[in-house]
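Using the hints provided, position chain U relative to the given structure of chain Y.
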Amino acid sequence: MHIPTSALRALRRAVGSQNVCTDDVSVLLHAYDCSLSRMRPDVIIHITKSGQVARVIKILHQFHIPFVARAGATNHAGSCSTPKGGAVLNLAALTNILQINTQEGYVLVEPGVVTAQLGQALEPLGFFYAPDPASQKVCTLGGNLAQNASGARCLKYGGTLDHVLEATLVLPNGETLTLSRQESGPDWVGLLCGSEGTLGIVTQLKLKILPAVQEVRTFLISFNTLEDCVQTVTDLTAQGVIPRCMEAMDQLTTQTVEQMAPAGLPVNAGATLLLELDGEKATLGKEEKIVQQVCRQNHALAFEKAGDEKAVKWWHARQNAYNAMARLAPNVLVCDGTVPRSELPATLKKVRQILEQNNITASLLFHAGDGNFHPQLVFDERNSIERQRISKVAKLILQTCLEAGGTVSGEHGVGVEKRSMLALQYNQDTLDLFSHIKHAFDPENLANPCKIIPVDYAEKTIGAADNKADKLYDFQQKFKQQLAQEKPFFVTGTNAVLQTQEKNFSVKELNEITDIDLTNYTVTAQAGVTLTQLARALKKHGVYSVLPEGNETLGGVFSSGCYPAFYAHVTGLQALLPSGSCVRYGGKLTKNAAGYNLLRLFAGAQGTLGIVTELTFKIYAVKAPPLTATAFVPLIQNELFKQIKKELDPKNLLQIPEKKVHV
Amino acid sequence: MFNDPCLEPLFPRKHLSELQTALGTKTLYNSVCACNRCGVCAAVCPTYQLYHQENFSPRGRNQILRLCLEGKIKLNKKNRVLHEALVSCTLCGRCNEVCAAQVPTAQHVLEMRRALGLRVLPRLLQRFLQLRDNKPRLFNVLARTSLILRRLWVVKIAWLLQITHLPGLTWINHLDDILPARIIPLAKVLANANVQANQENPQLIYLPSLEAEFILPDIALDTLRLAQKKYRTETWQNTTTGLFPYVYGDLRQSRKMLRKLLARHAKTGNGKLPLLTDSIDVYLFLKRAPQLFSGRKLWQKRAQNLAQNLLFVTDIFPVNTDDKTTQNPGPVQLEYSALFERQGPAFEKAEKILAILFGKNFVKCFYTDADTPAFGYTFVAPKNATRMSLKTVEKIARSQTKQVVTLSGLAALELAYALKKFYPAAQATHFVHVNR
Chain Y
496 MHIPTSALRA LRRAVGSQNV CTDDVSVLLH AYDCSLSRMR PDVIIHITKS GQVARVIKIL
556 HQFHIPFVAR AGATNHAGSC STPKGGAVLN LAALTNILQI NTQEGYVLVE PGVVTAQLGQ
616 ALEPLGFFYA PDPASQKVCT LGGNLAQNAS GARCLKYGGT LDHVLEATLV LPNGETLTLS
676 RQESGPDWVG LLCGSEGTLG IVTQLKLKIL PAVQEVRTFL ISFNTLEDCV QTVTDLTAQG
736 VIPRCMEAMD QLTTQTVEQM APAGLPVNAG ATLLLELDGE KATLGKEEKI VQQVCRQNHA
796 LAFEKAGDEK AVKWWHARQN AYNAMARLAP NVLVCDGTVP RSELPATLKK VRQILEQNNI
856 TASLLFHAGD GNFHPQLVFD ERNSIERQRI SKVAKLILQT CLEAGGTVSG EHGVGVEKRS
916 MLALQYNQDT LDLFSHIKHA FDPENLANPC KIIPVDYAEK TIGAADNKAD KLYDFQQKFK
976 QQLAQEKPFF VTGTNAVLQT QEKNFSVKEL NEITDIDLTN YTVTAQAGVT LTQLARALKK
1036 HGVYSVLPEG NETLGGVFSS GCYPAFYAHV TGLQALLPSG SCVRYGGKLT KNAAGYNLLR
1096 LFAGAQGTLG IVTELTFKIY AVKAPPLTAT AFVPLIQNEL FKQIKKELDP KNLLQIPEKK
1156 VHV
Chain U
459 MFNDPCLEPL FPRKHLSELQ TALGTKTLYN SVCACNRCGV CAAVCPTYQL YHQENFSPRG
519 RNQILRLCLE GKIKLNKKNR VLHEALVSCT LCGRCNEVCA AQVPTAQHVL EMRRALGLRV
579 LPRLLQRFLQ LRDNKPRLFN VLARTSLILR RLWVVKIAWL LQITHLPGLT WINHLDDILP
639 ARIIPLAKVL ANANVQANQE NPQLIYLPSL EAEFILPDIA LDTLRLAQKK YRTETWQNTT
699 TGLFPYVYGD LRQSRKMLRK LLARHAKTGN GKLPLLTDSI DVYLFLKRAP QLFSGRKLWQ
759 KRAQNLAQNL LFVTDIFPVN TDDKTTQNPG PVQLEYSALF ERQGPAFEKA EKILAILFGK
819 NFVKCFYTDA DTPAFGYTFV APKNATRMSL KTVEKIARSQ TKQVVTLSGL AALELAYALK
879 KFYPAAQATH FVHVNR
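First to last, the protein sequences are chains Y and U.
First residue of the first sequence? That's 496 in my numbering, and the numbers climb one at a time after it.
First residue of the second sequence? That's 459 in my numbering, and the numbers climb one at a time after it.
Rather than coming from a laboratory, the hints here were simulated on the basis of the structure.
Given the structure is predicted, the values throughout are model-derived calculations rather than measurements.
Hints are supplied without guarantee of correctness; some may be wrong.
[To be verified] Label-pair restraints from in silico Cβ distances: (1) U:Glu528 / Y:Lys553: 46 to 56 Å; (2) Y:Val708 / U:Gln686: 17 to 27 Å; (3) U:Glu852 / Y:Lys553: 35 to 45 Å; (4) U:Pro470 / Y:Gln883: 26 to 36 Å; (5) U:Glu852 / Y:Gly780: 35 to 45 Å.
Every residue, glycine too, gets a C-beta built ideally from N, C-alpha and C.
If we strip away everything but chain Y, and leave its shape as in the complex, we get:
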C-alpha cells in the first residue's frame, strides 16, 4: 500500500526521522517471524518511548494505515505478518521494568521486557513470574499478552491470562484506556489476552508475581505406553496432586534426543514423563509418595528422582528435542494443538500415523497435564513441494485435534496460518461474534488486520445440527420470542425479585448438570443450576468445585462479577446473543488460544451482552476452601462496553441491572 508523504512526515515528527524506515532492507527484515509467512510491510516505526505509541496510532488512524505491533517476533502462527502491508510498530525497545512491588505482589512493566529478564530481576527479591513460554529468553511480555502465552508451568499456575492485573491499551483510533480487573463489567483484560494485537496496542502492564517456591523436586518416569502416562496424570489429579510441570515425549523423540546428546533418557520406553513438584518441604514429601504410588499403579518402567545437576541435564534434554530437529533440516515447523487430556493418547497415535504416511520426520512433545502437544516437523522451506506437504500435514494434525474436541491452538495463537482452521472449530454465530468484537474495538480494521477471523467463513463453517428435543433449543426459541417483542428486559436467575414481571427473563428452567467428567476433571452444567444442586451432584462422585453452596445460579455466579476468581476455573461456555444466535467456546480444554476469549467477555457482563446458558469448568478431587463473593457493583459503561453493546444489542433489549438480579 502507498504511504502518503504527509503521513511519513507526521510520523517522523512524532518519533524522529531515524526511527521511521521505508528502505528495502528494513522493510524486508520485518516481513517475517518464526512462522512460514512472509509479508512485506511498507513502513517500520521504531518506538523508543511508550508515550509515542498513542501519537503514532493517531497518525496511522488519520491516514487509514493498517498497523502491526511487533517485539521479539518469535511467533509460530504469523501473528506479526502484514498481509495488508502498512506499518510495523517495533516495541522491542520498551524494556523498562517500571516498578516491582513485592508487598502487594505486582510489577509494572513495558511491553518490550523479555520474559526471562523479568524473572532475573525478581529472583534476588525472592519472587517469580509464573508463565514460562519455551521462548522466554527472547519473547516479550507484550507478545505474551497478545498470544496468551504459557509454558510448562501452566497446569499449576496458569498462563499469561491469569497473571495480568491491569493493561494500558491504545485503541486503534489512538485513544488510551487503562483496563483493570478491579473494575466491574466484562473482563476486558482477559479479552485482550490472546487477541494478537487486533484490538489495540498495550503500552504498559501490571502483572501478578508470586513468592519463590521453597523447593523443587524433579522426577523422570518412563512408561510402556502413552495411555499409562496420561492415566498417571489423571490419577495424580484425582489424588489432588498438581505438579508444576508434566512434560512428556514419545519414544521416537526420546531416541532422537539421546542420539544427539545423551542425557540418560530411557530410549526403550513408550513415553517419558518429566515431572516437577514444588512447594513447602512438608507437603512435597507427601506428594512425592503419592506420585511414586500412582506411577507404580500405572506400570511405570522406571522412576528416578534428580539432584540439581541431573534436573538441569534432563531439562536440557527436553529442550534438545527442538535442537535435534533444527540440525536435521533447515526448517522446523512447531505445531500446536490441544485436546481434552483423555483424548491425548489416541490423538498422538493418529498424529504419528499422519507423519508416517506423509514420510515426515518430527519430534513429538506434549504437556501431559493439559493435553497440549507440539509436533516439530522438519523440512526445507526452499523446496515448494515439501513446504506444501508440511502445510497440508499441519492442517491434518489440527483437524485431528478438532475431531477429538480440541482446539487448533493451545498457546501459539491463530495468526494468518491457522485462521482458515477456525472455520472448522467454531460455528458461524461464534465467528460472527468474533467479527463483532473486532469491529467494536476497531471499526476501520486497522489493528493487525486479516488475523484470527477466517475469510468468507460463512461458506466454510459446519453448522451444528439443532437438536429440537434439547432443553437449550426450547430455551433459545423462547428467547427469540422475547426478543421479537422488542421490549427491554433483565436476564435473571431463579431468585430475582423484580418490580415488574414483564421485564424479567429467567434462566431457571436450564437446571441440568449435563456431564461430570472424572478423566478430565470437568463438569458441564446449565446456567440455572443452583450452587447447592451442583455441590450435591459433585459430592456423589467424590469431587468438588471451588464454588460455595447456596441458592445462587451458576449463570449468576459467572455473570454478576461477584466471583472474579471463578473465571480462571471456567473452560467452556455456551451463550445466546441478543440476536438470538447461539455461540459456543472452549470445552474440556485447559488451554485455548484460538480466537477471542469469549469466556472473559461474558464473565461479569451481568447479562447485558447475552445469556450464558451452559458452563464447563474444572473440578477437583480435594476440597479447597470455597470462593467468597464480593459485593455487587453495577456495571461501568466505559467506551468499550458501549461499542460492544452497540454491536451486539443495538436495540438495547438486554438491560443493565442496577442491583443484583441474576442470582
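Just chain U, lined up with the frame of chain Y:
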C-alpha cells in the same frame, strides 16, 4: 537440490566457497538457510541489546545475506542500513552459541562485508596495520617511531591542538588511552628476565600475537616461561597469521599470509611441532584455517595439521589442586571476549583452571552477560563499543569482582581502560599472568 547462489560469482576467490560449521562443511547458501528465524540469538547479541532493532540482530543479518543471495536485496555499498547492520556486528559468535542449528552468523557477516568491500577500520589505521603483513620491516620502524613520538607527548599536543579531533583521526586518542604508559621492547624484556626466545631442537613453536610482540611484552615473557617449563621452544617473531586481512581486509591476502605460515610450519619439524598462541582470536582463527583452502588439498591438509597441533596458553598451564591460591584475591571472573565463538575447549579449560585456582572466588558468568568487544571493534564502532564496555563493567561491578581474566591481550587492554575509568577496584589481566 538447489542452485547455490554466490555473492560475487565473478570473484569466487574473494570469498570462502564453503564454511566450516559446527554441523559440518556447508555452502554459504545452505549455511544461511539453516536459520529458522526463531530469534533466540537476539537475546545474546550485544548490538541487538543496544538498539532493539531487527537490523542489528543476528537473525536480521542472516536474513540480509539470504535475501542478497536470492537477489531480493541489491548489494550496495552506499546503502546506509545495510552498512550499519554489517559493520555493527562484533563477530563475537554468541549467536552461534545459543542457536539450535549452530548458524555461524559471524562468518556470514564477514562474507557480506567482503562482497561489499566495506572498510570498517579508520583508513589510516588500516593502512598502518596492513604494513605488518606486507612490509613488516617498515611496520617495525613506524611502530617504534610512533611509540617514541608518543613518549615525547606528540599525541597529547595533537589532542590539545585538536588535530586528533579531525574525522578519521579520532582513533589516535583512543589508542593513546588504552596503551600502557611505557612500552618496553620484547627483546629487552626477555633479556632482562634472562629468557631465551629460541632454544635448540625445539619441541614447540611459540607464535606471539601482535599485542604480545609490540605492546604487552609481559604476555610473551610469561607465555615463554610457561612453555619452557615443559618444552624447548622456538619463537616466531614478526610472523603474521592472516587474521587481520581475514577480518578487515581481503581474503586472498589472508590466504597468502596463511600459506606462508603453513609452509614454515610444514618445514619445521616435519610439520609435527605444536604451535602455541597467547591470543584466543588467533587460536580460533587458526582452528578454522582449513575452510580457507576448500578445493586445495595440499593447503587444506597442512591447515588441518596446524589446527590439530594448535595449542592455547590454557593447554600448557600447569595446574593441579595443590595450586590453589592461598591469598584471597577477592572475586575473579573470566572475560569471554573473542572472535567467532564464546564456547569450546579453550574456554572450558580456562574456566576449569580458574575454578581450581580460585575456588569459590571464581564467579561464573551468565550467558547474557556482556563482554568487551573483541579485536579492534572500538575503532570500528566506538559509540557501540563504549556502551558495551559500560555494560561489561556493570557486570563486573555487580559481583564486586577484583580481577578479570582475559584470553587475549587486546581484550585486556580495552577492559583495563574501561575499568580504570568506571570501576578502578577491578583489574584486567591476561590469563598467562594469573599465577605469576
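Here's how the hints hold up against the structure:
1. U:Glu528 / Y:Lys553: 46 to 56 Å: Given a distance of about 38 Å, which is not inside 46 to 56 Å, the answer is violated.
2. Y:Val708 / U:Gln686: 17 to 27 Å: violated, 55 Å
3. U:Glu852 / Y:Lys553: 35 to 45 Å: holds, 37 Å
4. U:Pro470 / Y:Gln883: 26 to 36 Å: holds, 34 Å
5. U:Glu852 / Y:Gly780: 35 to 45 Å: holds, 42 Å
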